[in-house]
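Q: The chain contents come next:
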Amino acid sequence: NAGVMQNPRHLVRRRGQEARLRCSPMKGHSHVYWYRQLPEEGLKFMVYLQKENIIDESGMPKERFSAEFPKEGPSILRIQQVVRGDSAAYFCASSPDRGAYNEQFFGPGTRLTVL
Amino acid sequence: AQSVTQPDIHITVSEGASLELRCNYSYGATPYLFWYVQSPGQGLQLLLKYFSGDTLVQGIKGFEAEFKRSQSSFNLRKPSVHWSDAAEYFCAVGARTGTASKLTFGTGTRLQVTL
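Chains A and B, in that order, give the protein sequences.
Residue 142 in this note's numbering sits at position 68 of the first sequence, with consecutive numbering throughout.
Residue 111 in this note's numbering sits at position 102 of the second sequence, with consecutive numbering throughout.
Since the hints were made in silico from the structure, they are not lab data.
Backbone N, C-alpha and C fix where the C-beta goes; we use that ideal spot for every residue, glycine too.
Certain hints may be false.
Covered stretches of chain B (in silico footprint by chain A; criterion: 3 or more residues with CB under 8 Å from a CB of chain A, positions within the stretch not fixed) [claimed, not checked]:
| no. | region |
| --- | --- |
| 1 | 88 to 96 |
| 2 | 111 to 119 |
If the Cβ cut is set under 10 Å, some of the chain A residues that face chain B in the computed set are [as the list claims (entries may be wrong)]:
| no. | residue |
| --- | --- |
| 3 | Pro-82 |
| 4 | Leu-85 |
| 5 | Asp-130 |
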């Protein structure tokens with residue numbers, strides 16, 4: 075069973091461009107989470123999605139950031155008009171839906187650099 | 010809102026010595042607690058987790074952690090550290106949202122192992 079896959083692993087964008095980060099959850103997992111890790115900091119929750127639904131977006135910046143998890147295909151984290159402060163590692167995690175609590179499995183991350 | 014404090018930013022131990030990494034949490038209900046390890050440029054790997062029951066939990070790679078409700082702590086321990094344990098360690102609290110949970114991370118403790 076392949077783990078959580080993220081691509082690209084590294085992404086370089088110039089200020090004002092768009093960044094699209096993709097996450098394919100583990101097979102059988104219906105929950106996806108996105109976290110951001112700024113340099114020298116811990117991970118910060120951004121958004122939690124299930125198929126075609128945003129469940130909790132309390133950690134998402136109000137502007138320029140959006141996320142989706144369509145019925146088919148990977149989850150996408152989209153950052154419009156990137157700024158230097160968006161440079162960070164973005165991690166995706168997935169979990170199954172098997173009851174009381176679901177462990178999260180993390181992908182290798184996408185490291186975004188904004189020039 | 011939940012929070013996690015890891016008071017030690019950086020710890021250095023000699024190979025073969027014992028290790029204890031501190032973690033204190035704030036949460037209004039029964040916590041779900043985790044320790045993750047992150048090697049440079051990599052994603053997060055789960056070391057161990059506490060959901061309920063026995064307050065001393067065993068994890069992978071010889072790590073263990075003890076949940077102490079009275080002290081709001083979940084310290085990670087290893088009796089004899091190996092050079093390969095050098096990495097960043099994150100403590101996390103899980104909050105319940107529906108049937109799955111977002112995680113709140115501490116800022117991490119960077120472990121250096123000297124030979």
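Q: Does each hint fit the structure? Answer for all of them.
A: Cross-check of the supplied hints:
no., hint, result
1, 88 to 96, "violated (count 0)"
2, 111 to 119, "holds (count 7)"
3, Pro-82, "violated (14 Å)"
4, Leu-85, "violated (14 Å)"
5, Asp-130, "holds (5 Å)"
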